[in-house]
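Participant: Position chain B against the provided structure of chain A, taking the given hints into account.
Read off the chains here:
Protein chains: 2
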Amino acid sequence: MKGEKKNHFTVGIVDDVTNTSLPVGENIVTAGNSIISCKFWGLGSDGTVGANKNSCKIIGDNTDQYVQAYFQYDAKKSGGLTRSHLRFGHEPIRSSYYVTMADFVACHKQSYMHTFDIANEVKPGGTFLLNTHWKGEELEANLTNRTKRILAERKANFYTIDATGIAAEIGLGNRTSTVLQAAFFKLSGVLPIDKAEEYMKDAVVKTFSKKGEKIVNMNLAAIERGLTDAVKIEIPESWASLKDEVRTPDKKLPKYVREILIPMDRAEGDLLPVSTFNDYADGVMPIDAARFEKRGVADNVPVWDPSKCIGCNRCSLVCPHAAIRPFLFTETEAATAPLTCVTKKAVGKGFEALRYRIQVDPLDCQGCGSCANVCPAKEKALTMVPLESQLDEQKNWEHCLTLSEKVNPMSRFSAKGSQYEQPLYEFSGACPGCGETPYIKLLTQLFGDRMYAANATGCSQAYGFFAPTFPQTVTRRGFGPAFSNSLFENNAEFALGISLSVDQLREKTKMHARAAIETTKDQVLKAALQAWLDHGDENEHTVLLSDAVRVALENTDDNSEHVAYVKRRQDTLTKKAVWMIGGDGWAYDIGYGGLDHVMASGLDLNVLVLDNELYANTGGQSSKATPVGASVQFAAAGKGTPKKDLGLILSNYGYVYVAQVNLGANPEHTIKCLKEAAAYKGPSIVIAYAPCINHGVTKGMGRAMEEGKAATECGFWPLFHYNPNHEQAGKNPFVLDSGEPNGKLHEFMMGENRFASLTRTFPERAEILFAEAEEFTKRRYAKYKHLAGQDFPEGRAQERII
Amino acid sequence: MKGEKKNHFTVGIVDDVTNTSLPVGENIVTAGNSIISCKFWGLGSDGTVGANKNSCKIIGDNTDQYVQAYFQYDAKKSGGLTRSHLRFGHEPIRSSYYVTMADFVACHKQSYMHTFDIANEVKPGGTFLLNTHWKGEELEANLTNRTKRILAERKANFYTIDATGIAAEIGLGNRTSTVLQAAFFKLSGVLPIDKAEEYMKDAVVKTFSKKGEKIVNMNLAAIERGLTDAVKIEIPESWASLKDEVRTPDKKLPKYVREILIPMDRAEGDLLPVSTFNDYADGVMPIDAARFEKRGVADNVPVWDPSKCIGCNRCSLVCPHAAIRPFLFTETEAATAPLTCVTKKAVGKGFEALRYRIQVDPLDCQGCGSCANVCPAKEKALTMVPLESQLDEQKNWEHCLTLSEKVNPMSRFSAKGSQYEQPLYEFSGACPGCGETPYIKLLTQLFGDRMYAANATGCSQAYGFFAPTFPQTVTRRGFGPAFSNSLFENNAEFALGISLSVDQLREKTKMHARAAIETTKDQVLKAALQAWLDHGDENEHTVLLSDAVRVALENTDDNSEHVAYVKRRQDTLTKKAVWMIGGDGWAYDIGYGGLDHVMASGLDLNVLVLDNELYANTGGQSSKATPVGASVQFAAAGKGTPKKDLGLILSNYGYVYVAQVNLGANPEHTIKCLKEAAAYKGPSIVIAYAPCINHGVTKGMGRAMEEGKAATECGFWPLFHYNPNHEQAGKNPFVLDSGEPNGKLHEFMMGENRFASLTRTFPERAEILFAEAEEFTKRRYAKYKHLAGQDFPEGRAQERII
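If you're matching them up, the sequences are chains A and B in order.
If you're matching positions, the first sequence starts at 0 in numbering that gives the first Met the number 0 and goes up one per residue.
If you're matching positions, the second sequence starts at 0 in numbering that gives the first Met the number 0 and goes up one per residue.
Chain A extracted, bound-state conformation (with noise of 0.2 Å):
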């Protein structure tokens, strides 16, 4: 057998959902006898996979040993669950199946001790490496008791090492994988360990030279501290007889939650009978259910000082995972809350008589530090502190929910007054701190109850349709967004059949609704059928006038032929706000033929598109929202071409209401432009900056409204609108919305990676790219201000047909 070996080094690369980048198809070499068998449990987040490859690399590369190699991702973004499944052997290995029980067992991820049943994939004698920071006794009340069974019974290698503590001490942030990997090395004993460490050192300078002498620096210390930190656990007898804890779920949750939920979340769906799923053999699953996942992944999570607090929601407004909220409570709420559920008075007309506290959702929190970073108080109101520390703030939380309903003191349509609204998408999969779910958020928080979504394949897919859980919800009366899924190159026609069958229920209903005006004797079902007739399509009545209908409905005797039609579809009464949603790669390529065909066709339709200028759900390619200088997949030299300006070659059919946006630059402006975008007659697209993990910016994705904020300051995402109906006022639709560029358009290009990198790859193109994105930059400025500087000396003759 070892004639045919050709290449040690094989990984079979087949991936269980569509979240990811890599290959797919690889041979699997499978393996006989005396292997090695490893398994990994980490956060798509925090470089596991990236370090388990690099380790087969460097044992394929280096060694006579077989290696095989498979990954396994859930469906969520880099928040979610990875388990890496490796064997090494000096025969080829043809084992094609899962490793369940392995001889190395690595769990990168504390908290994932508490949900998911790793040890017991430790073999008789095997080792178990944990990367905590939990020691001694803490350690001890840490671990289940099934956990320090298996480990005792088996006389497992129990090690403990704190790479979260390493890596940050280093400088690497939240980047533990080189340090757990030195740490694997030094356990696994697959490799001497000095040879492990020269190929480790090796592949740590070929692979970050092109990151900078820095990064490579921290790395080898990585390594160093990888070999040295790692503590044997000394397992006490006792723990063998410890009985294993009953997790029988809680009888009052939902069936489905308790059924399919649950054993899903622990990575248990596998063991799932078929029968279980009888209840939804139509392929209809519930949704409202995000809530009861709790997956509790975040390192840290802010903790609230309502001393320092403004009560700006600035927090609730930029949270990627509605994750902490700002909630109102009556005198009396407040006085019986909880000791530890503290209020301060509410401020501003309409919130006489209220408190205010802003609700921190430990479990459901990413940790990405978004709303401490963003807190504009002078000391800020929160703080990043272990989640822990926190976890009694869950009660609190729980507790939260269950106050009244107030009425919106604010108009809803304001950065503060926005966030008194639930958020009707909730604990999505998506990263922590993703520049794009707090638009998709914000978009529940205006119209969610009345919502149509289509939505096109791409991240906005992987994170909001990720089974068992999806982060649409409902209000207190059962009111949410309807999401519907698509792919790239139809969804703008998806959205388009979706409003057309809408508008024609509808009319069907305002048919039968003039014909019950004419007969009906029930003169206050009369006045509000004529009342939603006349303004039931204004985005900001519809709701309560067709409230109004349905209780004239519920109260009258006429049970003619067109209030009965009327009754029968009371659903269609509430004017839905249709909305397509999808990234640039949607938007600016697969599906700009036919967004464009929609657009143009002068229909009422909105669209929010995210742009996060690549591809970033199959890996970062380059798309044509991609910007010149920047090296993605695809354009690895750096893109030699500017970005694609989709908003204003739309703005040219001159009935297109068009919109660019940047929370985090300025969200009074997104939400001005959303509202107008609603209200706007006709296609309206609004394209909304989203700083995104392949990026790499610099500061973290924390730091994603900042970014997004120095983003717009140095011109490179201007800010504009353009209105059709300013026209018919004689005013000049496009409107610049963004000042001069500030000049620090390199200073921002050098903070993210994908601009940084390319200076050291390709430094002379770098040179020239980085020179044209500045010229582009300045021109691109200049010609916005010469399209608002236009005149339009006369008013519209008259409204447009279409």
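It is worth saying that the hints were derived from the structure and are not from the lab.
Among the hints, a few may not be true.
Note: identical chains are not told apart, hence a pair may lie in one copy or across any two.
Using 25 Å as the maximum straight-line C-alpha spacing, the simulated SDA-like pairs for lysine to any residue come out as follows [said to hold, decoys possible]:
hint : residue 1 : residue 2
1    : 777       : 647
2    : 777       : 788
3    : 777       : 790
4    : 708       : 769
5    : 784       : 795
6    : 730       : 774
7    : 205       : 499
8    : 730       : 647
9    : 209       : 516
10   : 680       : 769
11   : 784       : 731
12   : 509       : 639
13   : 782       : 731
14   : 782       : 726
15   : 200       : 169
16   : 782       : 797
17   : 777       : 787
18   : 566       : 506
19   : 307       : 169
20   : 348       : 376
21   : 210       : 698
22   : 730       : 790
23   : 730       : 785
24   : 293       : 133
Facilitator: Then chain B, alone, in the frame of chain A:
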């Protein structure tokens, strides 16, 4: 069986080519016995099919007869052959095959009598109707012996009618169909003639009332003349003993022409055995064959008056079929030319010792009259006269083609100079007066000997790829444009692939050329290769420098590896001009996503959009290029949205060369823009206004150029170009090339039935949409002026790299 009849009128319409707007797939009701079968031979543009359908409807709707109809088209546009197969009867019709032996046969096109074996389809005792102005001896002289013998032998009832003359007299132009329909009813006896007259008149009122009373009255008059004006021809007994002509093709003709083209053109292609195609089993068919077709379908063709001609070549420039061209003679050639092949002194620098002649190709002319209409001479130098009077000119045409090749005394990049270049796109299947083919023809005169074209489906497919003839031809050296046909949805991508492969092959040749320069001792070859490397990419030098290399390769003794490679791949020496060509259905609609993507790539590719503002080939459906207020298929109530501004949209990239041109309005501008587009090192697009029979131009398609001129002058089609190279020099890249609208937009629109018909069908909406058109036109021009006025104070720091 009678009881089963539900609808007497069932038309089965199946086209044998794509060129149709008709629904397909309806049931064909077939017949048993006592069937009247009819066959009509018509020209695609003469209304035969429409009239036949109308006759079927009249019979089906008003009698208890069954009707079967099948319409057979060739691939040519409106100048092509149509054959209608009609059957009527009192029992269901079950004949699922062509009518090849009919009770009634009509030939609607006089010249067809020279080409097709039409009389052979008349049953013994049947009726044959010929639309002709031939009478008496002229008739006798023009009918073939075979026709005469068959008519006599079968004792046919032979009638003639001068429908062409009658239609012209009444004011119907070349629309002969109503006259011929009436004659059909009169002679076929399918209906009692008084009934038939009543039904026809009703139908005319119903069909044409939206086109105005004048048209109704003309058609009513046409019916009356059709009923009275057919003349029965007494057939002399002597005809029965005539001997058929022998129609053996000239042995000097190419085999392909003799064996395939000629039988297919006689509508006898179905009779060819498979073995005839043995030589073409790989699917590659010969081009340069259209010139053998000699369709002779024009009623009238131009005659040239040298005394009035000012030598501007405008007639040649606008001819859609390349059937009129200027020729230059040496004094000797002039002296030895046939007597009727008169010339006049050529004037201007470079024309010394040359004589000039405009030569018509009568049998390839389609008779639109565009050349005569466009002639700018004080007294027109071209007059349209009946084809038969000009048949002798065919010999002069053939003679002119034998003249010695002349170096173009002028730059080919001028309206006049371009016409001294051989058109490499001739005698296409386009409609008479087509607004598109003059652009393609011109393109081949500018770049054709080194042009690769990717053609999107649409009209340019129908008239450009119609077996057995293709309009692409070659120079005497054998160089011509390589046309490949693709689809709506991928033509840009298709062209990109062609371009990339061409570039790769050329790069490889350059690599070997550089190596050859290093090693060769042949100084001539070295110099030639160096010059080619230095300037061989430039449009104006590439042919000459490549030829120099070819000569040097021919004469060198060096047969080293690198020299041998260059020699072997000398086909790659000349820089190819890659053009993608398509209509607005491709560029604005179905292929737009790909077009946008390819333009955005920044690669060096050229696009010509033939914008006739609708899907002409499939019968005139609305595209995003269709202007507001146009009543077309899918927008019968008038398109509500204005025309998409493709040029301005693409200019937003900043690195795409864009031009909007109009041959009728400004030929020099058209040529300048095509030249700049080809020269620009990056993506280029030229959007060309193309009047179309689907516009319903009241003046007729012979006035297409005049109509185009009016379109630009009234602001309907402004001219501009956007040249990114201007930026480098600190100039504004956007240049507006046409003047302020002259206020005659409404007049222009009323001169085209696509707009004018709306005032009759939806008068109120027409008013609104036409006001919108005025507004749009005004604002668009203002926007262009504003863009053209933008300051571009500084030059670019550097050239772009992609």
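Participant: At most 25 Å between CA atoms: does that hold for residue 777 and residue 790 within a copy, between copies, both, or neither?
Facilitator: both (22 Å within a copy, 13 Å between copies)
Participant: For residue 777 vs residue 787, is the C-alpha pair at or below 25 Å within one copy, between two copies, both, or neither?
Facilitator: Both: 15 Å inside a chain and 19 Å across chains, each within 25 Å.
Participant: How would you label the pair residue 782, residue 797 (within, between, both, or neither) given a Cα cut-off of 25 Å?
Facilitator: For residue 782 and residue 797, only the inter-copy Cα distance (19 Å) is at most 25 Å; the intra-copy one is 29 Å.
Participant: How would you classify residue 730 and residue 774 at a CA-CA limit of 25 Å: within, between, both, or neither?
Facilitator: The answer is between: 15 Å across copies meets 25 Å, while 30 Å in one copy does not.
Participant: For the identical chains here, do residue 708 and residue 769 meet the 25 Å Cα criterion within one copy, between copies, both, or neither?
Facilitator: This pair counts as within: shortest intra-copy Cα distance 20 Å, inter-copy 46 Å.
Participant: At most 25 Å between C-alpha atoms: does residue 209 with residue 516 qualify within a copy, between copies, both, or neither?
Facilitator: neither (73 Å within a copy, 38 Å between copies)
Participant: Checking an output row: residue 730 and residue 790, CA cutoff 25 Å. Within, between, both or neither?
Facilitator: The answer is both: 8 Å in one copy and 22 Å across copies each meet 25 Å.
Participant: What label fits residue 200 with residue 169 when the C-alpha limit is 25 Å: within, between, both, or neither?
Facilitator: within (16 Å within a copy, 95 Å between copies)
Participant: With identical chains, the pair residue 566 and residue 506 could be close in the same copy or across copies; at 25 Å between alpha carbons, which is it: within, between, both, or neither?
Facilitator: within (15 Å within a copy, 72 Å between copies)
Participant: Should residue 730 paired with residue 785 be assigned to within, between, both, or neither, using CA atoms and 25 Å as the limit?
Facilitator: Answer is both: 15 Å inside a copy and 15 Å across each meet the 25 Å cutoff.
Participant: Tell me, please, which holds for residue 348 and residue 376 at an alpha-carbon limit of 25 Å: within, between, both or neither?
Facilitator: within (21 Å within a copy, 82 Å between copies)
Participant: As a check of your reading, is residue 784 near residue 795 (CA-CA no more than 25 Å) within one copy, between copies, both or neither?
Facilitator: both (23 Å within a copy, 19 Å between copies)
In this structure, the hints that do not hold are numbers 7, 9 and 19, in rising order.
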